[in-house]
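Just need the whole structure built from these sequences, with the hints factored in.
Counting along the sequence shown from 1, when you hit position 23 you're at 23 in the UniProt record's numbering, and nothing is skipped either side.
What the hints contain is simulated information worked out from the structure, not anything from laboratory work. It is possible that some hints are incorrect.
What the hints assert, rightly or not - In silico DSSO-like links for lysine-lysine, alpha-carbon gap of 30 Å or less:
{"#": "1", "residue 1": "LYS881", "residue 2": "LYS171"}
{"#": "2", "residue 1": "LYS882", "residue 2": "LYS582"}
{"#": "3", "residue 1": "LYS593", "residue 2": "LYS579"}
{"#": "4", "residue 1": "LYS602", "residue 2": "LYS795"}
{"#": "5", "residue 1": "LYS593", "residue 2": "LYS749"}
{"#": "6", "residue 1": "LYS652", "residue 2": "LYS544"}
{"#": "7", "residue 1": "LYS882", "residue 2": "LYS593"}
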Amino acid sequence: MLRVCLSDRVCDDQHPLRACARSILPSRTMVDRVPRTSTDQEAAPLLRDNTEDDEVRSQDSQPTLAERINAIAQEPLTPLTQVLLVVALILLLLTAVFIGLFAGEYSKLKQHERDGNGSPSTFTVTATATAVITVTAAPPGPTSPPVEKPCLTSECVELSAAIISSLDESKDPCESFFDFANGGWIVDNDPLPTGKARYGKFQALTVENQRILQHILETPSATSSFTTTYDEELLQKLRGFYSSCVNENQLDQVGTEPLIHFTKTLRTLFRGDGLDVNEKKDDDKLKGITAALAFLHSRGVDALFSFEVEGDVGVDPTFMSLWFDQAPLGLPAKEYYDEPSVIEVYQNIVESLLFILSEEEENLQKLATSADSALVDNTKIWPSWPWPPWGDEPDDKKKPNRTEIAHKLAKQVIDFETKLANATLDADAYQNPFATYNRLPLSNLTDALPQINFPEYFATFAPRRFPEHVIITYPAYPVSVSEILSSTSSEAVEAYLVVRGALALSPNLGMATEAWLAQRTLLETLTGIKKGAVGDRAEYCVGKVEENLGFAAGRYFVNETFGGDSREQGTKVITDIIKAFKASLPNVHWLDKTSADAAAEKADAVRVKVGFPISPDTRDPASILSYYRTVKINEDSYFENILSAAASNSMKRWAKLGQRRNDEEWEMWPSMVNAYFNPPATEIVFPAGILRPPFFSHDWPYYLTYGAFGQVAAHELCHAFDSAGSLYNQEGKLEKWWTNDSIAGFKMKQECIETQYSGYTVDDGKGGVIHVNGNLTSGENIGDTGLIQAYRAWKAQFDDSLKAGTEYILPGLNYTREQLFFISFGRIWGSVEKVASRVQRIRTDPHSPENYRVDGTVYNIPEFAAAFNCPKTAKLNPPDKKRCLFWS
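Okay, here's the thing in structure tokens:
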């Protein structure tokens with residue numbers, strides 16, 4: 001709910017006192033933290049008559065007052081008396097004037113205070129040469145007032161209200177700036193929205209963007225201005241995909257059948273086409289694993305290993321090469337395989353999936369046979385589950401129990417995955433690009449993993465050029481995989497592949513199916529989502545449209561949201577930060593001149609992309625339609641649409657192999673609320689989706705824009721110089737491009753950051769804590785240090801923007817521009833999260849928890865402590881020797 005807290009209006013139906021008090025009453029904590037107008041004054045002397053008679057006269061000897069007045073009146077006025085009377089009259093008139101002026105100013109002061117815009121002031125009015133009247137106004141507020149008149153347009157009022165409602169002024173910004181900047185927003189968003197394990201400003205804006213897309217997808221009139229044939233085809237694809245997803249009745253009616261057909265094809269490929277099951281030799285037990293894996297990978301399902309196509313950063317970053325890597329596991333991180341409670345849940349879910357697929361396939365086969373369906377070749381029916389599928393079929397009297405076999409296979413799958421987990425590289429080890437770059441002849445891979453026929457595997461994807469070399473991120477991994485496969489039964493390997501497919505694709509079934517419910521149980525266990533709490537289906541389906549047809553949806557999103565000079569202003573912020581970064585390099589004490597000059601060259605070499613891509617060209621529907629030409633949409637089958645889009649994306653990725661990098665391509669779609677730095681391409685990219693409030697608006701005052709979007713931009717720029725990015729030169733090539741002294745200085749700063757963040761902890765949900773992995777999060781934390789560059793960039797252009805009117809003051813905000821810069825930064829990280837979700841992210845996410853991204857960042861910025869006048873004893877104002885000062 002929008003809260004407009006101006007003057008004494010009640011502005012929140014639910015919490016009027018809390019909401020408005022924050023905007024009107026000064027924070028006690030803030031009084032001693034911010035600059036304010038002085039109230040020092042001298043005491044004014046009191047007027048008194050010092051002429052008194054020492055004698056007490058007798059009452060009887062004194063004439064009466066009437067007698068004295070009558071006597072005086074009858075006396076003639078001397079010239080002196082006349083002059084004195086005139087002077088007295090003039091003084092009386094002047095006194096009246098001064099009293100009137102004073103009363104008017106005092107009335108204005110009190111009205112100013114009641115409006116909430118005033119500040120402590122001292123007024124001194126002198127009536128005569130010997131009389132001084134001094135009046136001191138109300139006690140000082142949190143900060144000195146802006147000298148300019150505030151903007152009072154509806155947009156300014158709404159923006160001001162949004163900032164006020166986000167704050168919790170009962171918190172001390174010098175002790176916990178995250179809580180101060182986000183406490184109000186957190187109260188309003190806790191508990192989390194239904195079905196979400198984590199909800200923050202990024203997620204909130206994502207939902208807003210998805211609602212815009214939802215309107216476009218559901219309302220034909222929203223795109224009536226797009227009349228080209230290409231647009232009509234694009235919109236038909238988009239709306240067909242979306243409608244197939246939101247049609248829950250259709251999904252429930254279809255049931256598990258699409259997944260059954262998928263797993264049946266997978267098992268047929270794995271068992272080897274044409275191989276007699278009764279004659280299968282032990283040496284041939286994995287004959288079909290190559291075809292099975294190629295089938296899974298071509299449909300976007302990760303299993304056993306993965307391939308990516310990216311530049312060869314050791315030889316030529318522009319030449320797109322093949323990278324071999326380990327595949328994600330069934331559980332989010334290898335640590336989970338050591339937790340009995342999680343393993344118990346996971347094994348039960350694997351068992352359920354195997355049992356469900358076995359039962360559903362048998363029912364489907366019986367139905368097809370009874371109807372003499374063409375779906376089944378009755379001359380050659382593969383043995384149905386349960387396994388083992390080869391050998392003599394048991395007679396009816398000895399038919400094995402399906403539940404028992406599913407239980408046995410589930411245990412074997414868990415054992416197999418546990419071995420794979422132990423063979424994988426730790427997450428933080430991936431932060432070293434040199435360690436994960438191992439360019440080897442393809443024969444090294446084929447020799448290390450002989451169970452896979454790689455030429456046959458590659459032929460599935462039809463690359464334009466057959467690779468001679470492959471880059472292996474962890475050479476020990478394929479060797480370990482080969483050993484694990486050799487010691488594992490074919491039934492267990494087949495079950496593992498089936499489970500990988502089922503876990504990946506069952507979310508695309510109807511929510512009433514048992515397979516969907518099984519995978520949902522695992523998600524709820526790992527993230528802490530309340531059981532049965534499912535979010536909005538339309539929101540989910542818009543997200544799936546973005547994932548699979550994001551550049552097509554982006555065309556209409558950009559047209560709706562990204563107008564005016566947003567692109568130019570966003571680019572200005574970024575280029576200003578690059579200038580500030582370069583200007584700071586001579587003052588970075590751990591960089592010598594040679595290295596500083598090289599860093600400046602790299603900053604100049606960074607390509608800046610803002611808003612939307614031109615490959616495919618967001619402005620050209622024909623370009624986008626060509627990009628998605630192989631995606632076939634069936635409005636009656638959401639499951640098929642998912643597979644078609646995955647296959648299309650896979651083929652596009654493999655088509656790059658052996659080609660030169662297309663510098664105009666993007667890795668994110670236009671509506672995405674994110675940004676990225678690509679080291680081999682030396683580029684920073686900012687989709688239109690993040691160039692919206694609370695991160696950016698082309699109508700905002702610049703101190704807010706540079707604090708919010710400026711932080712995002714500076715973060716991505718500093719990735720070019722973080723623990724990984726600093727190892728790539730200005731051409732995106734891995735090489736030593738700094739001097740030894742500068743490298744040593746950088747490592748000291750990196751260790752400082754790692755130590756700082758490793759000291760932070762989160763609740764583990766079991767009465768203990770888990771430490772942030774400072775090694776894993778090092779690169780992102782260094783990226784966050786870029787906030788100081790955003791601050792410097794804002795300051796460098798301040799005089800010009802002030803003259804241009806882009807530093808205007810907002811109403812009701814009793815904070816300096818410097819303070820609002822940091823408040824704008826802190827607000828973008830507002831977030832609430834389930835304990836289980838946060839534990840998972842500590843283990844897998846290279847980003848630190850949001851509260852530490854705020855407090856940990858300003859801890860290292862002295863300008864923050866100066867802006868809020870933090871005492872030396874404050875938590876966020878440490879001595880410089882304790883700070884990790886990267887760019888000073």
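Structure-based check of each hint:
no.	hint	verdict
1	LYS881 with LYS171	26 Å, holds
2	LYS882 with LYS582	25 Å, holds
3	LYS593 with LYS579	17 Å, holds
4	LYS602 with LYS795	23 Å, holds
5	LYS593 with LYS749	18 Å, holds
6	LYS652 with LYS544	19 Å, holds
7	LYS882 with LYS593	26 Å, holds
Every hint from the earlier list agrees with this structure, and none is contradicted.
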